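Residue numbers (my numbering), protein chains in the order written: chain A, 1490 to 1622; chain B, 1490 to 1622; chain C, 1490 to 1622.
Derived from the structure by calculation, the hints contain no laboratory data.
Predicted model, so just to flag it, every value in this text is computed and none were measured.
Watch out, some of these pointers could steer you wrong.
Any copy will do: because identical chains look the same in the list, a pair fits if it lies in one copy or spans two.
[As the list claims (entries may be wrong)] Below, simulated BS3-like cross-link-like pairs (lysine-lysine); rule was C-alpha separation at most 30 Å, straight line:
| no. | residue 1 | residue 2 |
| --- | --- | --- |
| 1 | K1596 | K1566 |
| 2 | K1568 | K1611 |
| 3 | K1512 | K1566 |
| 4 | K1512 | K1568 |
| 5 | K1596 | K1568 |
| 6 | K1566 | K1611 |
| 7 | K1509 | K1568 |
| 8 | K1509 | K1596 |
| 9 | K1611 | K1508 |
| 10 | K1596 | K1508 |
| 11 | K1566 | K1509 |
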Amino acid sequence: MHFSTQGNSEITNLTDEVKKYLKGTNLNSGFVNLFIPGATGGLTTMEYEPGLIGDLQQTFRRIAPEEIEYLHNATHKDKNAHSHIRASLIGASLSIPFENATLQLGKWQQIVFIDFDNRPRKREVILQIIGER
Amino acid sequence: MHFSTQGNSEITNLTDEVKKYLKGTNLNSGFVNLFIPGATGGLTTMEYEPGLIGDLQQTFRRIAPEEIEYLHNATHKDKNAHSHIRASLIGASLSIPFENATLQLGKWQQIVFIDFDNRPRKREVILQIIGER
Amino acid sequence: MHFSTQGNSEITNLTDEVKKYLKGTNLNSGFVNLFIPGATGGLTTMEYEPGLIGDLQQTFRRIAPEEIEYLHNATHKDKNAHSHIRASLIGASLSIPFENATLQLGKWQQIVFIDFDNRPRKREVILQIIGER
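Bound conformation, chain A alone (with noise of 0.2 Å):
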């Protein structure tokens, strides 16, 4: 999967187009792998709502701040340590089970990316779908 973004804890909600992966394989059970071939970006599930995507957000600037020293951003220039440290905390990979060709996910709980870069960034979300027919 392929998606643009604007970086800087941008959440992307990947629901609708694992979906459409998983309707075009006719596979009826099985489990969906996610991963995020990156080392600033991450994967969860969420209740992707406005309320939440910002509290979500101001948790990761409580949690590792940008602001603060990183030993990092004293060798390298794009200064974005902050969002390393974000995304080997959330993870970079995800699997979701799917039963009568059904993605099993609660009824408020949607498959986010979390881009935690702090530019724009092209990325790419590696999807794999094993099952049975």
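Starting from the known structure of chain A, fit chains B and C onto it as the hints suggest.
Quick look at chains B and C alone, frame taken from chain A:
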């Protein structure tokens, strides 16, 4: 797997039930995928003893406190923004290998579900077992 | 995979060894599952450079400090509650896709194990490679 929780970061030990399901498959080697369909619960592993259960709950109070201001709580009556945030941080999926029909957990390591919601819930955790005889 | 660590959040780069195992399978596409059997270590991905290694270690000191009071430490002599908490937060499992017999990691992204225990340890990380030729 179906079970009830009291919410408020109650931690449920799922290890024995996962072992029971694994036994029922007669599979020898492979992996178990677990997934929580829902936006206010998470899966991880830990030494399931009373001290660490309390310590982990205290850690979540520190990382994503209940009583601070959240945008979600301004527009949603359930006031459980902290539950959502904690769930997104810990993650909804977990994968455990097995060999010789035995989960490859560490000696003190258990599979746990944490219910971050702020009320009692009936929960389902989806279990997929993939392997060979 | 077997290796030794000094503990105290030492971060070990597992990428080259995972690549070696993958090469030995002659598989073309699929995914690699990694799992740490143990309650005081975690797996994630990162740009493995000295600055970020120090920054990530510092982040864990901030999120789950060693010197605060933990219930676990009141009843266990090893005084490693912080090790357990950090391990549960970062997670025990990780899944990485491969295509054309090549891990689909980002350019700066490495697979790492973090040993949160407070003493030297001999460690095993379980590697499963699932795929097709």
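Out of the numbered hints, which ones does the structure contradict?
3, 4, 7 and 11
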